[in-house]
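Trainee: Work the whole structure out from these sequences, hints included.
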Amino acid sequence: MDMKRDYYEDIRLLDSGAQVFWLIALLLALIALPLLAGSYLVYTVNLIAINVIVTLGLNLLVGYTGQISLGHAGFFAIGAYGTLAMVAKLGVPFELALPLSGLIAAGFGFLLGLPALRLEGPYLAIATLGFGLTVTQILGRIEYFGGHMGMQAPPLSVLGFTIASDAARYAVIMPLAVILTWAMRNLTRTKVGRAFVAVRDSDIAAECIGVNLTYYKTLAFAISAFFTGVGGGLMAFVLGFVNPHTFNIMVSILFLAMVVVGGLGSILGSVMGAILITFLQLELARIGDMALIGPLLTEISTRFFTESGLPNVQYVVFGLIMVLIVIFEPLGLYGFWIRTKIYWRTWPF
Amino acid sequence: MFGQLIVSGIAIGATYALVALAMVIIYKTSEVLNFAQGDMAMLSAFVAFILLTEQGLGFTAAFALALAFAFLLGALLEFAFLRRAKEPTVLGLIIITLGLEMIIYGLASWRWGSDQKDFPFPASDFETFNLTSDMVISQLNLVTLAVAVALMLLLFLFFTRTKVGVAMKATQQNEMAARLMGIRVNRILMLTWGISSLVGATAAFLIAPTDTLDPNLMWTPQLKGFSAAVLGGMTSLPGAVAGGFLLGIIENLFGGYVSVEFKSVVAFAVIVLVLCLKPSGLFAKHYVRKV
Numbered sequence: 001m002d003m004k005r006d007y008y009e010d011i012r013l014l015d016s017g018a019q020v021f022w023l024i025a026l027l028l029a030l031i032a033l034p035l036l037a038g039s040y041l042v043y044t045v046n047l048i049a050i051n052v053i054v055t056l057g058l059n060l061l062v063g064y065t066g067q068i069s070l071g072h073a074g075f076f077a078i079g080a081y082g083t084l085a086m087v088a089k090l091g092v093p094f095e096l097a098l099p100l101s102g103l104i105a106a107g108f109g110f111l112l113g114l115p116a117l118r119l120e121g122p123y124l125a126i127a128t129l130g131f132g133l134t135v136t137q138i139l140g141r142i143e144y145f146g147g148h149m150g151m152q153a154p155p156l157s158v159l160g161f162t163i164a165s166d167a168a169r170y171a172v173i174m175p176l177a178v179i180l181t182w183a184m185r186n187l188t189r190t191k192v193g194r195a196f197v198a199v200r201d202s203d204i205a206a207e208c209i210g211v212n213l214t215y216y217k218t219l220a221f222a223i224s225a226f227f228t229g230v231g232g233g234l235m236a237f238v239l240g241f242v243n244p245h246t247f248n249i250m251v252s253i254l255f256l257a258m259v260v261v262g263g264l265g266s267i268l269g270s271v272m273g274a275i276l277i278t279f280l281q282l283e284l285a286r287i288g289d290m291a292l293i294g295p296l297l298t299e300i301s302t303r304f305f306t307e308s309g310l311p312n313v314q315y316v317v318f319g320l321i322m323v324l325i326v327i328f329e330p331l332g333l334y335g336f337w338i339r340t341k342i343y344w345r346t347w348p349f
Numbered sequence: 001m002f003g004q005l006i007v008s009g010i011a012i013g014a015t016y017a018l019v020a021l022a023m024v025i026i027y028k029t030s031e032v033l034n035f036a037q038g039d040m041a042m043l044s045a046f047v048a049f050i051l052l053t054e055q056g057l058g059f060t061a062a063f064a065l066a067l068a069f070a071f072l073l074g075a076l077l078e079f080a081f082l083r084r085a086k087e088p089t090v091l092g093l094i095i096i097t098l099g100l101e102m103i104i105y106g107l108a109s110w111r112w113g114s115d116q117k118d119f120p121f122p123a124s125d126f127e128t129f130n131l132t133s134d135m136v137i138s139q140l141n142l143v144t145l146a147v148a149v150a151l152m153l154l155l156f157l158f159f160t161r162t163k164v165g166v167a168m169k170a171t172q173q174n175e176m177a178a179r180l181m182g183i184r185v186n187r188i189l190m191l192t193w194g195i196s197s198l199v200g201a202t203a204a205f206l207i208a209p210t211d212t213l214d215p216n217l218m219w220t221p222q223l224k225g226f227s228a229a230v231l232g233g234m235t236s237l238p239g240a241v242a243g244g245f246l247l248g249i250i251e252n253l254f255g256g257y258v259s260v261e262f263k264s265v266v267a268f269a270v271i272v273l274v275l276c277l278k279p280s281g282l283f284a285k286h287y288v289r290k291v
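Here the protein sequences line up with chains W and R, keeping their order. Following the working numbering, the numbering of the first sequence begins with 1 at its first residue and continues without gaps. Following the working numbering, the numbering of the second sequence begins with 1 at its first residue and continues without gaps.
Hints listed in this document are in silico derivations from the structure and should not be mistaken for laboratory results. All residues carry an ideal CB built from backbone N, CA and C; glycine is no exception. Possibly wrong hints are sitting among the right ones.
What the hints assert, rightly or not - Listed below are several chain W residues computed to face chain R (Cβ distance under 7 Å; list not exhaustive):
no., residue
1, 119
2, 121
3, 126
4, 130
5, 141
6, 253
7, 315
8, 316
Said to hold, decoys possible - Chain W stretches covered by chain R per the calculated footprint, using a threshold of three residues with CB under 8 Å from any CB of chain R:
no., segment
9, 303-312
10, 325-335
To be verified - Partial list, derived from the structure: chain W residues whose beta carbon lies under 10 Å from chain R:
no., residue
11, 62
12, 129
13, 260
14, 321
15, 322
Mentor: Below is the structure:
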C-alpha cells in the first residue's frame, strides 16, 4: 500500500501516476464528447455537469462541515433568477452576471449560516427547509421576476460568441464544472478544508483548538451557496425558462440524495452521485418507453395503478435508493468504490 | 373582524396542532425527525377515500379501517426501515424518512395521479353557526376542533394513565434504563410510530375536506406542523398543541391585517425567528447537549 511520507505528499492533488493518466484521459474524453455525441447526450451531460457543481457545494456543507441543508433549491433559485434578471433586465454580460449571482447566493448563504450557528441536526434541517420554501414563495410573488409565470432566458452570448446549441452550452458549462471541481478539491486540502472537517467531527473540540466556529460555519454556508448559485445560473440557460415551481422541495431533496448516494465528504463521490441521480432522473421520467421493463411496468400500471402516473416511479426508485444506501452503505457509492478497490488490491486474501 | 380571525385561526390551528403532535411523539421518543409524516397521513386519507367511494362503506367503518391502516403503516415503516439502520447519524435518519416520503409520494401519485378528488366528509365547510353577531364558525371547523381536542385529551390520558404510555415516557427519558427495567424498547418504538401515524392520519382526514385530495395534500400542513412543533419546543407534547394553535392564530392575523399574499411565508418566518431567539421553543426546557 502507498504510504504518505511527508506533508507535501499528503496535500498533493493527485496521488499517483495512474491518477494523472486517468485524469488526462477523462479531460480528453470530455473535450471529444460534443464532437462525437448527439445533441440529447450532450444535453444530459450538461445537466450532469451542473448537478456536479451543486452537489460539490452541498457536499462541502453536509459532508465536510456536517451541517444539514434541505434548502439548497433556494440558493439554486437565487442563482438562476439573479443571472436571468441581470442578463435580461439590466443588460449585464453573462460572464459578469454568473459570478455576481453566485456571490448574491453566497450572501444569502452567509445570512442562513448565522442562525445555523445555534442550531444543529433536525432543527437546522427544518430551518433550511423553511428557507428554501420561503425563497420560492417570495420569488413567485415579485412581478419584476415574472411572478408565477417565471422568466424566459434571453439568447446567451459569452465572450462575443452566441450560444445556441447544446454543444455550445457544453463549451461554457463543462470547463466551469471542471474548474470548480478542481477548486473544491484544492479547498478541501487547505487549512480551511481541514477546519471544516474539524467542525464536523466535533465542533466543541474544534473550538478548543482555535477554529473560529462563527467564521467557518458561515463560510461553509457561503461557499456552498456560491457553488449552488452558479449551478442555478447555468441551469436557467439550459432549461430556457424558470418559474418558482422549477425549484420545489423535491429539488432540494434530490440534491441531498446526490450527496448521500455519492458519498459524504468526498469529491469523487459527489461526481458519482450527481451522475447517477441525474441519469436516473432523465431515464425514469420516460420509463414506459424503456426496453424490457417498460412494457412490464405499463402492464402493472394499467392493472394496479394508473398509466399517466407511471413517471412517478422515479420517486419510488429515488426513495428506495436513499433508504437502502443509508442502511447498507452509509458512505455511498464512494464507499462502495473504495471497498471494491481494496478487495481487488488484496485479492486473493 | 379580530374575533373572526381568532376563531378561524384556532380552527386551522387545531389541524396544525395534530400534525405537530404526530411529529413530536416520534421525535421525543427516538429523536427522529419524521419527514414521511405528511405522506403517511396522505396515504391513509386515500385509503379512507377508497373505502368510502369504491367500497361504499359508511363513515364510521371507513375511518376506523383507515386509522387501523395508518397505525399498521407507521409500525411497519419503523420495523422495516428505521430499525434496520445500524448506528444511524442524525443525517442518516433524516435521509431515511425523506426516502420513505418519496416512496410513499411516488406510489400514491402513480396510483391516483395528480387529478384532484373531493374527499367526502360528514360535516360541511359551508354550513355555519353564529357565535356572536359578527363571528361565525363552520360545521367542519367545529368538528375539527372537537376531534382535535378529544384526541389530545385521549393522548394525555394515554401517556399518563396507561402502562404502555408510561413505558414510552421511560424510553424517552433513558433508553438504556428502560431496557434494563424490562421494557421492550423496539416494540415501544414500533407502537410510537403507529400512534404518531394514527394522529397524523386523523389530521389528514380533517384537512382533506377543506382542500381537494391529491398526493400533495399534506405538504403544506406538514411544514406548518414542523413550525408549530418548533414554536412549542420539539420535545413537549403540550408545547406542540399550543404551538399549533398559536401558529394558526398568528398566521390568520397576519393574513387579515398585514398581507394575504405572504400569509404562507409566516410559518417559516416564525421558524427562523423562534430558532434564532429561543431554539428550544417556547414551552420546552432548555436543551443542553451532552459532550
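Trainee: The structure should be examined with respect to each hint, and the outcome stated for every one.
Mentor: Taking the hints in turn, this is what the structure says about them:
Taken as an interface hint, residue 119 of chain W checks out: its beta carbon lies about 6 Å from the nearest beta carbon of chain R, inside 7 Å. The criterion of a C-beta within 7 Å of any C-beta in chain R is met by residue 121 of chain W, whose closest approach is roughly 4 Å, and the hint holds. Contact between residue 126 of chain W and chain R, as hinted, is supported at the beta carbon level, the nearest pair being about 5 Å apart and thus within 7 Å. Hint status for residue 130 of chain W relative to chain R: holds, with the closest Cβ pair at about 3 Å, below 7 Å.
Below 7 Å, beta-carbon pairs count as interface contacts, and residue 141 of chain W has one with chain R at about 6 Å; its hint therefore holds. Here the hint on residue 253 of chain W is kept, as its CB sits about 6 Å from the closest CB of chain R, short of 7 Å. Interface hint status for residue 315 of chain W: upheld, as the beta-carbon distance to the closest one in chain R is roughly 3 Å, under 7 Å. Using the Cβ-Cβ criterion of 7 Å, the hint placing residue 316 of chain W at the interface with chain R is satisfied: the shortest such distance is roughly 4 Å.
Counting residues of the segment 303-312 of chain W whose beta-carbon sits less than 8 Å from any beta-carbon of chain R gives 7, enough to reach three: the coverage restraint holds. Note: the segment 325-335 of chain W has 4 residues with beta-carbon separation from chain R under 8 Å; the three-residue rule is met and the coverage holds. Here the hint on residue 62 of chain W is kept, as its CB sits about 7 Å from the closest CB of chain R, short of 10 Å. This hint holds: residue 129 of chain W has a C-beta 7 Å from the nearest C-beta of chain R, less than the 10 Å allowed.
Interface hint at residue 260 of chain W: satisfied, since its Cβ lies 5 Å from the closest Cβ of chain R, which is below the 10 Å cut-off. The interface hint given for residue 321 of chain W is met, as the beta carbon of that residue sits about 8 Å from the closest beta carbon of chain R, less than 10 Å. A distance limit of 10 Å between C-beta atoms decides the matter here; for residue 322 of chain W the minimum to chain R is near 3 Å, and the interface restraint holds.
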